[in-house]
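*Asks:* Each chain is listed here by its residues.
Number of protein chains: 2
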Amino acid sequence: MKLGRLNHIGVATPSIEASIAHYRDVMGALKIHKPFDLEAQGVKVCFVDTPGEGGTFGTQIELIEPLGTDSPINGFLAKNPLGGQHHVCFEVADIDEARKEFEELGKRILGPTRLGAHGTPIFFLHPKDMQGILTEIMETPKEGSHWSN
Amino acid sequence: MKLGRLNHIGVATPSIEASIAHYRDVMGALKIHKPFDLEAQGVKVCFVDTPGEGGTFGTQIELIEPLGTDSPINGFLAKNPLGGQHHVCFEVADIDEARKEFEELGKRILGPTRLGAHGTPIFFLHPKDMQGILTEIMETPKEGSHWSN
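Protein sequences appear in the order of chains A and B.
Heads up, the first sequence is in full-length UniProt numbering, so the first residue is 1 and it goes up one at a time.
Heads up, the second sequence is in full-length UniProt numbering, so the first residue is 1 and it goes up one at a time.
The set of hints was computed from the structure by calculation and includes no laboratory data.
Possibly wrong hints are sitting among the right ones.
Because identical chains cannot be distinguished in the list, a pair is counted as satisfied if it fits within a single copy or across any two copies.
With a straight-line cut-off of 35 Å between C-alpha atoms, the simulated DSBU-like cross-links for lysine-lysine are [claimed, not checked]:
1. Lys79 x Lys142
2. Lys2 x Lys107
3. Lys107 x Lys128
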């Protein structure tokens with residue numbers, strides 16, 4: 001595999017509304033996208049942009065709030081009631097090729113490849129096989145590494 | 001404050017050597033910098049580059065391994081023996097101005113402003129005041145957002 005962009009860091013929060021106020025009023029984020037429900041993954045999602053080098057797009061902050069009582073991030077928030085760093089997401093050019101490579105290395109993949117928050121195929125790798133980090137692998141959007149919703 | 005680049009994510013590891021092998025052999029990182037001791041902060045440090053958009057520099061991964069028995073990350077590794085996401089670091093144009101703004105907002109700052117791993121002034125903010133995330137604020141290097149060591 002060839003390491004691609006660090007597309008986003010996933011940040012769990014008990015309240016996207018409160019987190020938006022934090023990134024806007026405390027951190028001074030200039031662009032905060034509209035939150036939306038990602039029902040298939042049991043989370044409400046909101047992307048916060050950070051600038052890249054020379055006016056390019058940088059790594060985003062993906063705020064995730066539990067959607068329903070079965071949300072997979074309820075356990076994380078029970079342990080970390082304020083929220084915190086939940087996962088990291090790297091881009092790859094070809095999701096199927098990346099999946100095959102991780103499988104060949106014996107890395108545990110959590111569930112099937114599915115559509116992620118940016119509408120491109122993703123999968124997650126088990127943190128115990130990834131140096132303690134829940135790692136998302138995402139195919140780079142065809143139109144490039146950024147988006148407008 | 002105006003949110004700057006996500007300069008790096010800080011990743012604690014019990015072994016920088018093992019982490020280098022992971023980012024090189026599993027993740028396919030093309031550029032891994034030479035590790036060095038940051039004695040003032042009690043850590044050994046190694047930066048791993050990720051690509052930015054259009055060939056620019058992206059957010060780095062800062063691997064940190066304890067240096068000595070008093071290292072401030074020993075507690076984190078006792079709780080997370082495999083390592084994991086330790087902190088995030090955002091750039092600002094003026095470190096003194098940023099410090100003043102966080103102080104005025106009542107955010108707890110951990111210790112004095114000091115030189116960080118990139119040789120520019122930094123300070124850390126208490127995770128309990130920052131949505132559960134240990135947050136480093138770093139002045140953008142004068143020569144730009146990248147480096148060569």
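*Asks:* From the Cα coordinates, with 35 Å as the cut-off, is the pair Lys2 and Lys107 best called within, between, both, or neither?
*Replies:* Within. Shortest intra-copy distance 16 Å satisfies the 35 Å Cα cut-off; inter-copy 39 Å does not.
*Asks:* With identical chains treated as interchangeable, where does the CA-CA distance between Lys79 and Lys142 reach 35 Å or less: within a copy, between copies, both, or neither?
*Replies:* neither (37 Å within a copy, 40 Å between copies)
*Asks:* If the cutoff is 35 Å on CA atoms, where do Lys107 and Lys128 land: within, between, both or neither? Let me know, please.
*Replies:* Both: 9 Å inside a copy, 33 Å across copies.
Hint 1 alone, counting from the list given before, is not met by this structure.
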